[in-house]
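S.K.: Chains A and B supply the protein sequences, listed in that same order.
Just add 721 to the spot in the first sequence (first one is 1) and you have our numbering.
Just add 1392 to the spot in the second sequence (first one is 1) and you have our numbering.
It is possible that part of the hints are untrue.
Output of the computed footprint for chain A on chain B, the stretches with three or more beta carbons under 8 angstroms from beta carbons of chain A [what the hints assert, rightly or not]:
hint: 1; region: 1403 to 1412
hint: 2; region: 1432 to 1444
hint: 3; region: 1466 to 1476
Residues of chain A clear of chain B, computed beta-carbon distances all greater than 10 angstroms [stated by the list, open to error]:
hint: 4; residue: LEU753
hint: 5; residue: LEU800
hint: 6; residue: ARG825
Since the hints were derived computationally from the structure, they do not count as laboratory data.
Don't be surprised by glycine CBs; every beta carbon is placed ideally from N, CA and C.
Here is what each chain is made of, one letter per residue.
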Amino acid sequence: MSEPPELRITRRAVPTSAAAMRHALRAFLTALEWEEDAILDIVTAVGEALANAIEHAYEDATEEAREVTLYARAAGDGLLSAEVRDCGRFIERARRPGRGFGLRIVRSIASDVSLETKDGTSVRMLFDTRKMHKAL
Amino acid sequence: MSDLRVIALHGELDIARRDEARFALRADGDVGAVLLDFADVTYADSTILSTLLVFTREMGIRGVPVAILVGTPQLARIVQYAGLSDILPVFNERSDALTHLSEGRR
């Protein structure tokens, strides 16, 4: 039995890395031949987690520590688990007046979302393409 | 519509282009209505939504209607996912956007 398709990509946590990591995810999902609507939404949600990590996580960190990792793993039946991990500090959305849409967007798209803030921040997302798009 | 301002952006609007978007979407000058022509925008993230929200609110205080013309469904959908559909007026057709502006002008 072959292993489930996986994507793992690590980049410096700088703003220009977000697009490169989204493009890699899009190429990965396109290779799975999933529907364009599902790809669009998954890239949107993961893009929010990436943007949040890049924007907030490293404000106090040294240059050497500025990395963000995206890991995605496809399972059968249209399921995808994805994780965005950084080693910076988590900043609660209440401290950012006028912001905070990112996590709301992620939660609107993903079937399940969990955050872990030990030794950095990890945002884990589960996408079920069979249940997506029905909220709109 | 003689005092219509059209602001066009293109490509992927994400955290890397936040400052560019903020500069483009500054509420200055005397204008009757604003069309944000994002027909060639292929991706937008929440950092851009925040900029759009601030701009739309500032123009609203001045009584200036704003319409956002989109080309990709991603932009329309992220507005919905963020719960901003009632605040950010998004249109798929230019004619609908212009009608919205005509009806909302001072």
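S.K.: Give a verdict on every hint.
M.R.: Hints, verified against the model:
no., hint, result
1, 1403 to 1412, "holds (count 5)"
2, 1432 to 1444, "holds (count 6)"
3, 1466 to 1476, "holds (count 8)"
4, LEU753, "holds (19 angstroms)"
5, LEU800, "holds (20 angstroms)"
6, ARG825, "violated (6 angstroms)"
Checked against the numbered hints given earlier, the structure breaks only hint 6 and satisfies all the rest.
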